[in-house]
Structure formats: structure tokens, C-alpha cells
Amino acid sequence: MTIDYSHAREMMVEQQVRPWDVLDLRVLDVLARLPREAFVAESHKALAYADIELPLGHGQKMMKPVVEGRMLQALDLQPGDEVLEIGSGSGFVSACLGELAREVLSLEIQPELAEGARRNLDAARLGTNVRIEVADALQWQSPRQFDAICVTAAVDTLPAQWLQWLRPGGRLFVVRGHSPVMEAVLAKADGSIESLFETDIDYLRGAAPAPQFHL
1 MTIDYSHARE
11 MMVEQQVRPW
21 DVLDLRVLDV
31 LARLPREAFV
41 AESHKALAYA
51 DIELPLGHGQ
61 KMMKPVVEGR
71 MLQALDLQPG
81 DEVLEIGSGS
91 GFVSACLGEL
101 AREVLSLEIQ
111 PELAEGARRN
121 LDAARLGTNV
131 RIEVADALQW
141 QSPRQFDAIC
151 VTAAVDTLPA
161 QWLQWLRPGG
171 RLFVVRGHSP
181 VMEAVLAKAD
191 GSIESLFETD
201 IDYLRGAAPA
211 PQFHL
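The numbering used here puts the first residue of the sequence shown at 1, with every later residue one more than the last.
Please note that the accuracy of each hint is not assured.
To be verified - Below, simulated DSSO-like cross-link-like pairs (lysine-lysine); rule was C-alpha separation at most 30 Å, straight line:
hint	residue 1	residue 2
1	K45	K188
2	K64	K45
3	K61	K45
4	K188	K61
Hints in this document: simulated from the structure, not taken from any laboratory.
Owing to the predicted nature of the structure, the values given are computational and were not obtained by experimental measurement.
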């Protein structure tokens with residue numbers, strides 16, 4: 001069966017993303033243009049535009065399109081922005097960030113995923129302004145600062161050093177808290193935090209809550 005990916009992409013935007021209060025025209029345009037199917041495994045291409053998470057291997061999953069849309073909208077990226085992405089995954093969000101901003105540095109702890117993300121970006125002829133590094137964002141040290149930070153996996157608590165990577169006026173999107181009810185927030189360089197919506201996604205490696213033991 002031949003899948004009309006262009007039509008599936010249009011339906012995803014109109015029936016999933018836009019109804020979930022994603023109204024930023026630049027974000028909607030990117031999601032309507034970029035070939036999401038090029039960033040999923042061959043066995044899951046038919047589900048590339050479904051309202052579900054998709055497995056990426058190595059215990060990682062690709063976010064639902066609606067969460068990606070809300071995340072991109074919340075960051076309010078401008079053409080001149082420099083962005084740090086924590087968790088490259090398949091490279092799809094990296095590609096979206098690259099379309100919306102000037103430059104993207106993406107950190108991925110799993111070497112195979114980092115290599116796959118770069119391969120996906122190159123095959124789709126996207127992400128020429130995206131650099132992917134193999135690194136643990138919880139241990140990474142850099143004096144560099146960014147206009148926006150996009151975290152594609154959840155954390156129990158927001159690491160303080162991440163806020164130090166924000167320029168004045170910078171903003172950081174992250175999902176925090178305890179599964180199954182987590183909170184997506186937008187943190188600002190001045191320390192303020194805005195609650196956006198509830199969701200439930202997998203934790204960043206090393207960022208899950210400590211196991212609780214009860215007698």
C-alpha cells in the first residue's frame with residue numbers, strides 16, 4: 001500500500017497539532033513541510049503521523065506530534081537564535097529547530113542515536129545548521145550560552161546548571177515531575193517558570209527520580 005505522506009502530514013497538523021492550541025504559523029509551517037517519515041524506522045513509517053510515541057531503539061521514544069508542536073511554539077524561536085537541544089533522538093526535532101533558528105547544538109548521550117540522527121538529517125537534506133555531539137547533558141560543561149534550550153525528555157527536577165546556559169531573555173522547555181502526571185514548563189533565564197500543560201514522557205537518562213523504598 002502506498003502512503004500519501006503529504007496528506008498524512010496535512011491531517012496531522014489540522015487534526016492533531018492545531019486543535020491542541022498550536023497556532024504559531026511558523027511552527028505549523030515547519031510541521032507541515034518536514035518529512036517526519038524520514039526520521040522513523042522503516043517498520044514504523046506508516047505510523048509516522050499518528051498521535052502516538054514511536055520507538056527509536058536504545059529505550060528511547062519519539063514524542064507525539066502534539067507535544068513537539070507545543071514545545072516548538074513555547075520556545076518562540078527567532079531566525080537569529082542559537083539553540084541547545086538536549087536529546088537528539090531521531091533528529092526530527094533537531095531539524096525543526098534548525099528551520100526555526102540560526103544554529104542548533106544537539107547533545108545525545110547514546111552514540112548510535114547521535115549517528116542515526118545525523119544520518120537522517122543528511123538523507124532528508126536538512127540540518128545543515130545542526131551540530132550533534134555525543135555528550136551527557138547532566139555532566140556537560142561549557143561556558144557557552146544560548147537563546148533557547150529544548151529538552152526532549154523528562155527530568156525529575158530541573159538541573160540548575162541548565163539555566164546558567166541561558167542568555168538574558170533566554171528560555172528553556174522541559175517536562176518535569178513524576179510519571180504518570182508530569183508538567184511541561186517554560187523556564188526563563190531570570191528564574192521564572194511558566195506551567196504549560198500536563199503530559200507523560202520518558203526520563204532523560206540519569207534524570208529519573210531516585211527509587212523510593214517503603215516499609
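Going through the hints against the structure:
1. K45 <-> K188: 36 Å, violated
2. K64 <-> K45: Satisfied, since the Cα-Cα distance of roughly 14 Å is no more than 30 Å.
3. K61 <-> K45: 14 Å, holds
4. K188 <-> K61: 27 Å, holds
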